[in-house]
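Trainee: Residue-level listing of the chains:
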Amino acid sequence: MTHSTSRGFTLVETLVVAGLGAGMLVTIAFLVLQFNNSLAYEQTASQSSGSASGVMREVESLVVPASDVLQTHTFASATYTSTTTSLVLQIPSVDSSGAVIANTYDYAAFYATSTSVYRLLEVNAASKRTAGTKLLSSSMRTLTFSYDNTDFTKVTTITVDLQTQAQVKQAVLSDHRREKIRLRNF
Amino acid sequence: MRPSRGFSLIEVIVSIFIMSVMLILFQAVTRSSVLVRTSKNQGVALAIARTEIESLRAGGYAALPASTTFYDSLVSTLSSSATTTLSISSFNAKTKQVVVGVVWKDSGATASSTVSLATLITQTGGLP
Chain H
1 MTHSTSRGFT LVETLVVAGL GAGMLVTIAF LVLQFNNSLA YEQTASQSSG
51 SASGVMREVE SLVVPASDVL QTHTFASATY TSTTTSLVLQ IPSVDSSGAV
101 IANTYDYAAF YATSTSVYRL LEVNAASKRT AGTKLLSSSM RTLTFSYDNT
151 DFTKVTTITV DLQTQAQVKQ AVLSDHRREK IRLRNF
Chain W
1 MRPSRGFSLI EVIVSIFIMS VMLILFQAVT RSSVLVRTSK NQGVALAIAR
51 TEIESLRAGG YAALPASTTF YDSLVSTLSS SATTTLSISS FNAKTKQVVV
101 GVVWKDSGAT ASSTVSLATL ITQTGGLP
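These protein sequence lines map, in sequence, to chains H and W. The numbering used here numbers the first residue of the first sequence as 1 and each following residue consecutively. The numbering used here numbers the first residue of the second sequence as 1 and each following residue consecutively.
With the rest of the complex left out, here is chain H:
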């Protein structure tokens, strides 16, 4: 059954619809692309700054209770030395109720290999701290420890300077943290 109303589209109508459709498609594609880009950017940015914060928190949590910076200490796996890029700490052990156990110590080392920062913790059998090696960040650029005294037995303040770096497409995201931490059990 044919009416006079079903007359099909005119050329102009078709062109307008095609034009609008194309415009819409381009806009949507642009939005999706933009969205993906900024998502990747934001993810990397928060990861980079998150890992920087994580390293600082971990260093702080062990430097504050530490009693001494050790020039060198032999862990079960390897020997670590305190330098500008690594840090060895002697920390009084604490029991499960949080009390310090006299004359027993836990030992911690912070060190970096290429772009990774690790924390190695070796604990006394009575200590409540959890031993082990932990990867703190895998986007490190520079990690520097500086001490207020060249004699490690007299060090009371450690300045930790950390720069992390991550790459998203062409953009390079970097984070810079610096904290001066005091050995409260010195």
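It is worth saying that the hints were derived from the structure and are not from the lab. Ideal placement from N, C-alpha and C gives every residue a C-beta, glycine not left out. Hints are not guaranteed to be accurate.
What the hints assert, rightly or not - Lysine to any residue pairs mimicking SDA-like chemistry, simulated, CA-CA at most 20 Å apart:
1. 180(H) x 81(W)
2. 180(H) x 73(W)
3. 180(H) x 101(W)
4. 154(H) x 37(W)
5. 180(H) x 75(W)
6. 180(H) x 37(W)
7. 169(H) x 37(W)
8. 180(H) x 64(W)
9. 180(H) x 33(W)
10. 180(H) x 36(W)
11. 180(H) x 57(W)
12. 180(H) x 53(W)
13. 180(H) x 71(W)
14. 180(H) x 119(W)
15. 180(H) x 74(W)
16. 154(H) x 75(W)
17. 180(H) x 77(W)
18. 169(H) x 33(W)
19. 154(H) x 77(W)
20. 180(H) x 118(W)
21. 169(H) x 118(W)
To be verified - Listed next, the stretches of chain H that the computed footprint assigns to chain W, with coverage defined by at least 3 CB atoms under 8 Å from CB atoms of chain W:
22. 31-38
23. 176-184
Model the placement of chain W on the given structure of chain H, informed by the hints.
Mentor: Chain W alone, transformed into the frame defined by chain H:
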């Protein structure tokens, strides 16, 4: 057949809906990037404030400065107009309250952000 009948209400509503969805999407993207930047800077500002509080505590009661600002080399990485505040007030006869703040404004944010930490420093005792 009615020749030029204009748009129907449904058509107008649908087109407005599509446009607003796109606008909202676009805004969400730009807003979240500001959010990420703010949270990153918050971490940096917190570290700056902590370092200052730690150094004031280590210095002790007698060495508390009179100035209302402090220096940290990382402040300028927050934004070019970032500033620091330091206020020291008497808490009681032998105790002072120290409030350390970092104020900065992220590009794209409407208001400036602040991170502030407070502590008490006593005349006797305390940490070395």
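Trainee: Run every hint past the structure and note whether it holds.
Mentor: Evaluation of the provided hints:
1. 180(H) x 81(W): Since the Cα atoms of residue 180(H) and residue 81(W) sit roughly 24 Å apart, the hinted pair is violated (cutoff 20 Å).
2. 180(H) x 73(W): holds (12 Å)
3. 180(H) x 101(W): Roughly 17 Å between the alpha carbons, so the hint for residue 180(H) and residue 101(W) holds.
4. 154(H) x 37(W): Violated - the C-alpha atoms of residue 37(W) and residue 154(H) are around 40 Å apart, more than 20 Å.
5. 180(H) x 75(W): holds (15 Å)
6. 180(H) x 37(W): Answer violated: residue 180(H) to residue 37(W) is near 24 Å, above 20 Å.
7. 169(H) x 37(W): holds (18 Å)
8. 180(H) x 64(W): Holds: residue 180(H) and residue 64(W) sit about 18 Å apart, inside 20 Å.
9. 180(H) x 33(W): With a Cα-Cα distance of about 30 Å, the restraint between residue 180(H) and residue 33(W) is violated, given a limit of 20 Å.
10. 180(H) x 36(W): violated (26 Å)
11. 180(H) x 57(W): holds (12 Å)
12. 180(H) x 53(W): holds (10 Å)
13. 180(H) x 71(W): It holds: about 13 Å lies between the C-alpha atoms, which stays within 20 Å.
14. 180(H) x 119(W): holds (17 Å)
15. 180(H) x 74(W): Roughly 12 Å between the alpha carbons, so the hint for residue 180(H) and residue 74(W) holds.
16. 154(H) x 75(W): Distance ~30 Å between residue 154(H) and residue 75(W) Cα, so the pair is violated.
17. 180(H) x 77(W): holds (17 Å)
18. 169(H) x 33(W): The given pair, whose Cα atoms are some 16 Å apart, holds under the 20 Å limit.
19. 154(H) x 77(W): violated (33 Å)
20. 180(H) x 118(W): Holds - the C-alpha atoms of residue 118(W) and residue 180(H) are around 18 Å apart, at most 20 Å.
21. 169(H) x 118(W): Distance ~41 Å between residue 169(H) and residue 118(W) Cα, so the pair is violated.
22. 31-38: The restraint on the segment 31-38 of chain H holds, since 4 of its residues have a Cβ under 8 Å from chain W and three suffice.
23. 176-184: It holds, with 8 qualifying residues against the three required.
Violated hints, in rising order: 1, 4, 6, 9, 10, 16, 19 and 21; the structure is consistent with all others.
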